[in-house]
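Engineer: Taken in sequence, the protein lines are chains S and B.
Throughout the first sequence, residue numbering follows my numbering, covering 539 to 617 in sequence.
Throughout the second sequence, residue numbering follows my numbering, covering 539 to 617 in sequence.
Honestly, I wouldn't trust all of these hints.
[Stated by the list, open to error] Once the Cα atoms are required to be at most 20 Å apart in a straight line, the calculated EDC-like pairs of lysine to aspartate or glutamate come out as: (1) 597/B <-> 610/S; (2) 597/S <-> 615/B; (3) 564/S <-> 581/B; (4) 548/B <-> 610/B; (5) 540/B <-> 590/B; (6) 597/S <-> 610/B; (7) 540/S <-> 560/B; (8) 578/B <-> 588/S.
Think of the hints as simulated: they come from the structure by calculation, not from any bench.
Fair warning: this is a prediction, and the values are worked out from it, not measured in the lab.
2 protein chains.
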Amino acid sequence: MKARIVVTLKPGVLDPQGKAIEAALKSLSIDDVSGVRQGKVFDLEIAGSDREQAEATLKAACEKLLANTVVENYTIEIA
Amino acid sequence: MKARIVVTLKPGVLDPQGKAIEAALKSLSIDDVSGVRQGKVFDLEIAGSDREQAEATLKAACEKLLANTVVENYTIEIA
Numbered sequence: 539m540k541a542r543i544v545v546t547l548k549p550g551v552l553d554p555q556g557k558a559i560e561a562a563l564k565s566l567s568i569d570d571v572s573g574v575r576q577g578k579v580f581d582l583e584i585a586g587s588d589r590e591q592a593e594a595t596l597k598a599a600c601e602k603l604l605a606n607t608v609v610e611n612y613t614i615e616i617a
Numbered sequence: 539m540k541a542r543i544v545v546t547l548k549p550g551v552l553d554p555q556g557k558a559i560e561a562a563l564k565s566l567s568i569d570d571v572s573g574v575r576q577g578k579v580f581d582l583e584i585a586g587s588d589r590e591q592a593e594a595t596l597k598a599a600c601e602k603l604l605a606n607t608v609v610e611n612y613t614i615e616i617a
């Protein structure tokens, strides 16, 4: 099965990278963009056909490695 | 308007980061995951209510800054 995991900063957590991107866009005369927040996306394949098992495996992958759950949220989409 | 931009490597482009994540997951005994490809996600606000104008602005942002269009694809989702 194909799956996509999206990891984003929790609301309220400062995003200096997002601020830098915003400033860079303004310097490129792209002014109507604000509140930029950058995150990570992981596209992957997961073996098996049991969706619940796949969800549990991907949750473990997020909790152990892909997301820093202190400051990041994650969503799991299984195609 | 809220928008989300997802930037991913084009198919066929080597993803060493994805390979490293795969190996790390295996070392954590998460074996059923393969073909990991990492990308970037940008959540942002775009001023105005003209969707076509917003799409054009975000396309320019991707082409100029957010994506390296030689090796990356991008998708724009306007909420």
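Engineer: Take the hints in turn and mark each one as holding or not.
Structural biologist: Evaluated hints:
no.: 1; hint: 597/B <-> 610/S; verdict: violated, 27 Å
no.: 2; hint: 597/S <-> 615/B; verdict: violated, 25 Å
no.: 3; hint: 564/S <-> 581/B; verdict: holds, 16 Å
no.: 4; hint: 548/B <-> 610/B; verdict: holds, 5 Å
no.: 5; hint: 540/B <-> 590/B; verdict: holds, 14 Å
no.: 6; hint: 597/S <-> 610/B; verdict: violated, 27 Å
no.: 7; hint: 540/S <-> 560/B; verdict: holds, 15 Å
no.: 8; hint: 578/B <-> 588/S; verdict: violated, 28 Å
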